[in-house]
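Construct all of the structure, not just a fragment, from the sequences and the given hints.
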Amino acid sequence: MALAWHLAQVNIALMKSPLESPEMADFVAQLEPLNALADSSPGFIWRLQTEDGDATAVRAFGDDRLIVNMSVWKSVDALWSFVYDSGHLKVMRRRREWFSRVAEAHQALWWVPAGSVPSVGDAEERLAHLKAHGPTPRAFSFKRHYPPPVSGARPAVSLL
116 MALAWHLAQV NIALMKSPLE SPEMADFVAQ LEPLNALADS SPGFIWRLQT EDGDATAVRA
176 FGDDRLIVNM SVWKSVDALW SFVYDSGHLK VMRRRREWFS RVAEAHQALW WVPAGSVPSV
236 GDAEERLAHL KAHGPTPRAF SFKRHYPPPV SGARPAVSLL
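Numbers in the working numbering are just positions in the sequence shown, counted from 1, shifted up by 115.
Mixed in with the good hints there might be a few duds.
Stated by the list, open to error - Here are the simulated SDA-like cross-link-like pairs (lysine to any residue), alpha carbons at most 25 Å apart as the crow flies:
(1) 189 x 207
(2) 258 x 193
(3) 131 x 259
(4) 258 x 233
(5) 131 x 149
(6) 131 x 202
(7) 205 x 259
(8) 258 x 234
(9) 205 x 145
(10) 131 x 209
(11) 189 x 155
(12) 246 x 217
(13) 258 x 235
(14) 258 x 201
(15) 205 x 172
(16) 246 x 157
(17) 189 x 251
(18) 205 x 157
(19) 258 x 198
(20) 205 x 247
(21) 131 x 189
(22) 205 x 146
Said to hold, decoys possible - Quick list of simulated restraints, FRET-style, between CB atoms:
(23) 199 x 235: 24 to 34 Å
(24) 154 x 231: 13 to 23 Å
(25) 236 x 129: 12 to 22 Å
Read the hints as simulated data drawn from the structure, not as lab findings. This structure is a prediction, so every number in the text was calculated from the model and none was measured. Here a beta-carbon is modelled for each residue, glycine too, at the ideal position from N, C-alpha and C.
Laid out in structure tokens, this is it:
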């Protein structure tokens, strides 16, 4: 029986101001509607959140100014449609108002077995892998993505 795969994603954003500041108020006001849009989007499976309904309180990557967003989708196309073909794009176009440019990779995609939920530690490792090695089947981007692993295939063995 073939193992099904889903697409996990992480993206980070470096806030220009504290989340509670007036400068971030418009962004914060859009969190709930955007999360509801994601939750109801075709292909959506899961997103990282606290009991507050979002992930703004999650601290990771060694910087309290970073906001972490993680989710799982049925496919690359499903995630792409949410990010670029929905109301999410309108908010994303305004990101420079609230967030500083991140010099290195700020998003990573990877495949997870269907039914599994990645941890923040998984996300940190995948983003670090992408930064160190560029896109590979272990961590990739929208620009260069890879198909899900082949079920039953043996892991590649290095002969070096």
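Flag every earlier hint the structure violates by its number, smallest first. 3, 16, 20, 21
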